[in-house]
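Asks: Using the hints, put the two standalone chains together into the complex.
Chain by chain, the residues:
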Amino acid sequence: MALTGLFLSIFLITHLAGNLQLLDMSPEGQQKFNEYARFMTTFPLVKVVSYLLYFSILFHAFDGFLLTIQNRKARPVKYAYEKPGANSAWYARQMALLGTLILVFLVIHMKHFWYEMHWGDIPTVTDTSGKPMKDLYSVVAAAFTQLWYVALYVVMMGVLAFHLLHGFQSAFQSLGLNHPRYTPIIKNVGVFFAVVVPIFFALIPVWMFINA
Amino acid sequence: MGNMKLTLKIWRQNGPNDQGKMVSYPVNNVSEDMSFLEMLDVLNDDLVRKGEDPIAFDHDCREGICGSCSLFINGEAHGPGRLITTCQLHMRKFKDGDTIHVEPWRAEAFPVIKDLAVNRSAFDRIQAAGGFVTVNTSGNLVDGNAVPIPKDDADKAFDAATCIGCGACVATCVNSSAMLFVAAKVSQFALLPQGKPEAKRRVLAMVEQMDKEGFGNCSNTGACEVECPKGISLEHIARMNREYLAASVTKE
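Protein sequences, first through last, are from chains A and B.
Mapping of the first sequence onto our numbering: residues 1 to 212, in sequence order.
Mapping of the second sequence onto our numbering: residues 1001 to 1252, in sequence order.
Hints were generated in silico from the structure; no laboratory data involved.
Please note that a few of the clues may not be correct.
[Said to hold, decoys possible] Derived DSS-like pairs (lysine-lysine); straight-line CA-CA distance at most 30 angstroms:
no., chain 1, residue 1, chain 2, residue 2
1, B, K1021, A, K73
2, B, K1093, A, K83
3, A, K83, B, K1151
4, A, K73, B, K1200
5, B, K1114, B, K1093
6, B, K1151, A, K73
7, A, K78, B, K1009
8, A, K78, B, K1005
9, B, K1156, A, K187
10, B, K1200, B, K1212
11, B, K1196, A, K78
12, A, K83, B, K1114
13, B, K1093, A, K73
14, B, K1212, A, K83
15, A, K78, B, K1093
16, A, K83, A, K73
17, A, K83, B, K1005
18, A, K187, B, K1151
19, A, K78, B, K1095
20, B, K1009, A, K73
21, B, K1095, B, K1114
22, A, K78, B, K1021
23, B, K1200, A, K83
24, A, K83, B, K1021
25, A, K78, B, K1114
Okay, chain B solo, but in the shape it has when bound (with noise of 0.2 angstroms):
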């Protein structure tokens, strides 16, 4: 155990109609070397030691890898530091005596569950509408030089499909828009072959569902491109503007 000490302001909130708000826990003995989940994890043992309700976050894999881990510190989504997820957000990060900022991704379309953990079930519907190849994939496996693709498209496209879908995105953005992870999910398949022949449709609908799910619009302030744990670039949201322009204008 480490000897620093913090102060947590941490947004409690009972269930999804309860009203919430920002609670001060003091938390001793934290080691420079815990990641913030871990340090998250200290001060609930300490709580359930109380008996206390323990603060509910999402996390999984802790290796960066998952996209379960949210949280909005100090004003930003997933903390100070660049290109990282909350779990691999580091105590070092902080000063012995600070005051940490935690609340919730705060957005219409992710509702809060329980304290900071909300429902980003709205992306699964963004990727059900199309974010996907129709053509089975399993089972008859074909030649990889079958079909030749552009060393830098390949390359774009798996940029793309780094996205993790943690909503960071979204989190930050002014307008609580998911252009970059529909864009990263839409540019994935608009740059292979294998995503060419339902490009239009793809885009059309899963642009569609984004919108009914009450995400804002894009100002193109460049926030997301910045806090994205994945580095996903605004290229992909010109890259999705085209292909959504283009098939607005042709589709049948």
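Bound conformation, chain A alone (with noise of 0.2 angstroms):
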């Protein structure tokens, strides 16, 4: 769980400032993240480290799912009355439900990108050098004209911030590594790196939507 929930966190940040090339809505800027794109499908090690993520992903949630299963049995009979949020977080006691919400965004995120830009009928543009590329860049654009859609992705990223807000130094725990000197840094890196990112990939369809 913490391996994978550490090695899911470092492919946000790739995934983060690749995307945000985004931001760039210049035809310059589209042809650039086209042919990113094509790197990241096409290079080896990328493909490499793309079916590490994919393996990740569903170990992530399999697992969480298996532990799930076993602490709902933990305890067969219910409190009549509770009172948790005296001693822990919501978003801690919730990570089972946060993580499930995440799995359904991923399904409907992957559909709609990865997918199309696999194995979907997207159309084509041409790169420097006068071969055709797919155009990516305006199957997102397309997307996030959508308010529906740009509504999904920032509520979703909240989502993916109070995942993060537990899940980041709850890794490090799980893994051993608690220590009075580096632990309130971990924290304090967690809840930066829980605010930060999620703010930055909302950012990227609400910044299409407003310049389309």
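Replies: Okay, here's the thing in structure tokens:
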């Protein structure tokens, strides 16, 4: 859980770094993004890492599902009166729910862009050397002209933020990395990560919607 | 006798296989200086005089060191207040006219025996699986300074050893996980030279037994640390995770 979680966190950084190119909506920016998308779907080393990524997503979800089943079984009779807020944060207790929402979002997200890029019938443009290349940019731009789609992305980035808020520092604790000197730093980095990364992700659809 | 009037909603269950339900009891003449258990004594005295079945609950030392008293009071293990057991919870924490919910520890691994008393022998079996040093410690006293131990390690081992095995960590945990208890028992030995020779075997055996008993998994919510009457730190869980990972990888 912890290892795949941390790997997925690292993926978020690279995914964000690449997709911030979408903010440049000029023709040159569109060209650059499409070239980047082609590189990411064809370069062999990226392909290897992408299979590790698919495995991590599936393992993280499946392991989380198994652990949640076990945890449910561990308390067959519920308390009649509970006050869980007295000792823990709601998002820490609802990681399974937040994770499920993210998984559903991932299905929608990957169907719309990842699946279309790989196997979909999307328009092509020509690159600088005159060869045709898939115009993923216009697929993304078209998606983010729909208000409900932009709203979905913004809300889901909020969900992701809470999942990361607990998950980032929790992964270190699960791996046994707890130290009086370093744990406060890990926790602060975790809060920063959980807030900044989703905000920048959410910025992309909002920006494209406004400037469409 | 005091003058607080309270309504108690208490879990009544006639035996392990009984369905069980919450039952309301009015309690009068409660003094704010009573402990929660003394208030229950007053209620039981009342019930016995009326010829009713008194409420079963665990208690022994009534000074916060034995780990017998349990009770999930108003949604919290050992009730409101920090670093206390139920016997150390005073009625001044409540107000006249309050309704107080009292339930047993809820976990598959802690089956209800009767009313508020649960069977915590799962903890004994975890302890028996590895929570000891096999060297004979009686009759062959060695000099205290023969084996130097860093003060910080000795302090941390002692902090872990203050665990009284009450089960509040399990009762509080959203997953009914026993990680804080097992971590305390692993840490108190792992930090000391006397515990080192059996460290690998110990952590593997205790975690295996913990899983067998049907406790849930740790998701690091930190609720256990907050509700623990002895303030056992999550650092011990991390230490157990380290010990466990290392032992799993290097075992032969």
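Asks: All the hints need checking, so say for each whether the structure fits it.
Replies: These are the hints, each one checked on the structure:
1. With a C-alpha separation of about 21 angstroms, the suggested pair K1021 (chain B) and K73 (chain A) falls inside the 30 angstroms cut-off, and the hint holds.
2. For the hint linking K1093 (chain B) to K83 (chain A), the alpha-carbon distance of about 16 angstroms falls within 30 angstroms, and the restraint holds.
3. Proximity of K83 (chain A) to K1151 (chain B) is assessed by CA-CA distance (about 38 angstroms); at most 30 angstroms being required, the pair is judged violated.
4. In summary, the hint linking K73 (chain A) to K1200 (chain B) is supported, as the alpha carbons are separated by about 29 angstroms, within the 30 angstroms threshold.
5. For the proposed pair K1114 (chain B) and K1093 (chain B), the alpha carbon gap of about 27 angstroms is at most 30 angstroms, so the pair holds.
6. Annotation: proposed proximity of K1151 (chain B) to K73 (chain A) is violated, straight-line Cα distance about 42 angstroms (limit 30 angstroms).
7. At most 30 angstroms may separate the alpha-carbon atoms for a hinted pair to count; K78 (chain A) and K1009 (chain B) meet this at roughly 16 angstroms.
8. Of the pairs offered as hints, the one joining K78 (chain A) and K1005 (chain B) holds, with about 28 angstroms between alpha carbons and a cut-off of 30 angstroms not exceeded.
9. Under the criterion of a C-alpha separation no larger than 30 angstroms, the hint pairing K1156 (chain B) with K187 (chain A) is consistent with the structure, at around 22 angstroms.
10. Only pairs whose Cα atoms come within 30 angstroms are accepted, and K1200 (chain B) paired with K1212 (chain B) is accepted, the gap being roughly 19 angstroms.
11. Annotation: proposed proximity of K1196 (chain B) to K78 (chain A) is violated, straight-line Cα distance about 40 angstroms (limit 30 angstroms).
12. Pair hint K83 (chain A) plus K1114 (chain B) holds up; C-alpha atoms about 24 angstroms apart against a cutoff of 30 angstroms.
13. As the CA atoms of K1093 (chain B) and K73 (chain A) are separated by approximately 34 angstroms, the hinted pair breaks the 30 angstroms bound.
14. As the CA atoms of K1212 (chain B) and K83 (chain A) are separated by approximately 29 angstroms, the hinted pair is consistent with the 30 angstroms bound.
15. This hinted pair checks out: K78 (chain A) and K1093 (chain B) have alpha carbons roughly 25 angstroms apart, not beyond 30 angstroms.
16. Taking the CA atoms of K83 (chain A) and K73 (chain A), the gap is near 21 angstroms; set against the 30 angstroms cutoff, the hint holds.
17. Note on K83 (chain A) and K1005 (chain B): the hinted pairing holds, with a Cα-Cα distance of about 23 angstroms set against a maximum of 30 angstroms.
18. Between the alpha carbons of K187 (chain A) and K1151 (chain B) the distance comes to roughly 28 angstroms, so the proposed pair stays at or under 30 angstroms and holds.
19. Distance check on the hinted pair: K78 (chain A) and K1095 (chain B) sit about 27 angstroms apart at the alpha-carbon level, within 30 angstroms; holds.
20. Note on K1009 (chain B) and K73 (chain A): the hinted pairing holds, with a Cα-Cα distance of about 26 angstroms set against a maximum of 30 angstroms.
21. Under the criterion of a C-alpha separation no larger than 30 angstroms, the hint pairing K1095 (chain B) with K1114 (chain B) is consistent with the structure, at around 28 angstroms.
22. Taking the CA atoms of K78 (chain A) and K1021 (chain B), the gap is near 12 angstroms; set against the 30 angstroms cutoff, the hint holds.
23. As the CA atoms of K1200 (chain B) and K83 (chain A) are separated by approximately 38 angstroms, the hinted pair breaks the 30 angstroms bound.
24. Taking the CA atoms of K83 (chain A) and K1021 (chain B), the gap is about 19 angstroms. The hint holds against a cut of 30 angstroms.
25. About 17 angstroms separates the Cα atoms of K78 (chain A) and K1114 (chain B), which keeps this hinted pair within 30 angstroms; it holds.
Of the hints listed earlier, those the structure fails to meet are numbers 3, 6, 11, 13 and 23, in rising order.
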